[in-house]
Amino acid sequence: MPLWRMILTATNLVSFRLGGAGIGLVTQIVLARLLSKDDVGIVLMTMSAAALISLVMTAGYPALSITSLARFYALGSRSLVAAFHTAAWRDTFRISALMIVFVVWLIVFKPFNPGLNTALIFGTLIAPFSSLIRMTSATANSQRRFSLSYIADYLFRPGLLLVYLLLAFAFGLRHDLTTVLIMIIIITATVAIAQAIVLGEEATPTWRRRPAHRFGKLLRHRALSLVIVAAVTIAFADVVTIIGGVFLPPDSVAAFGIAIRLAALAGFVTQSTQQMMLPDLAKALVKGQRDAVQPVLLRVNLLSVAAILVCVLICIFFGPLILGIFGPEYAMAHWPLVLFMVSQLFRAAAGMNQHLLAIDGFQAHTASSCAFAVVVLVLGAALLAPSYGIMGMACAVVVSDFVWAGLLGVQAQRYTAFRGDILAVAQFRRGGP
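Residue numbers for the sequence shown, in this note's numbering: 8 to 440.
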């Protein structure tokens, strides 16, 4: 791909994601204005449940496809492509069957508070269609059909929900909690099926193919380890929302759910900045040019950390004003929002370690640090949230992200003999090892 086309493609993809994030933000504002705070909390938990359950349903294959499936397409090997799709869909169907048992168990036994039970039930109903979007998007991305890969999930799905909510607001259409959740199911199903139709035959779920290559066990082991990695690196706001729903009532979930999504939006900007620098970083690493790697790491670290520091200051001074856009009752999340931004600071400072590990083929090894971070989050939430509410939840998130960032640095040093966090880069600039 020519350099100019690569730059144009990257710019378009970032624009899609920023546009989708903007639409999602406006959607949350409209939801907060249309529904009660309790209902907003349930909607946020439903969206998070759907995201996490679909992540489990797809068994990590979308993340694995970024490298493996793209390589098979590049080789022009139809048999390898067929083997990958067969393994992916077989495992997806098996896990989906377990999810059906899970939703029946939820309906019968109702183990959590009513709000979280409702969110998990509707989230499980949405998840199969979200899974289809994940699988088809990954396949489209491997085929370099980037627009098809990103537009459906980042623009069409949140855009259609926003259109419905605006019409409901303008024309007085029914917009109670159940109706909104049903519309989310319908919209997700419509987008998933339309995307699969456009992609064609390879988006069709199947478990009957008999590929020439049988390496399902190898793929499964690698893919499953990426589930927890994706949950912490990509869907951490959803993880926090669901864990918070276990210990807090829906109205509190609404407040910190909005706050952590605002922080995640800021974090997305830094992640995009880091990803834009990956080609330069990978090129320098492949050539073994350590001196060329350091300036790249220094630039991206300084830019990422500076951007988050600005966001922290904005939230300190203007947090109540920003949260007030959603409604006056959301101003209670002011200091949790500041803490969530601080947690993004740790992610920005350590994020390049994750990319260094991925470039050298050690991404799956980070599953242990991600799992430990989730354990810290759960324990912190269990200890702090019941007594201190959303502030306790925010403190648990900060500690979890701090631990994750530290462990990533240790793993980067262990597996790549090289660290990309801001502390290591600063030490190198001062003449350290």
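No wet-lab data here; the hints were simulated from the structure.
A virtual CB, placed ideally from N, CA and C, is assigned to each residue, including glycine.
Treat the hints with care, since some could be wrong.
Have a look at the derived ranges for each label pair, beta carbon to beta carbon [what the hints assert, rightly or not]:
| hint | residue 1 | residue 2 | range |
| --- | --- | --- | --- |
| 1 | Phe119 | Asp367 | 17 to 27 Å |
| 2 | Ile200 | Ala177 | 21 to 31 Å |
| 3 | Arg101 | Ile200 | 14 to 24 Å |
| 4 | Leu309 | Val33 | 29 to 39 Å |
| 5 | Ser375 | Leu173 | 43 to 53 Å |
| 6 | Ser394 | Pro121 | 17 to 27 Å |
| 7 | Gly83 | Leu390 | 36 to 46 Å |
| 8 | Pro118 | Phe324 | 22 to 32 Å |
Earlier hints that do not hold, by number = Hints 1, 7, 8 are the ones this structure does not satisfy, whereas the remaining hints hold.
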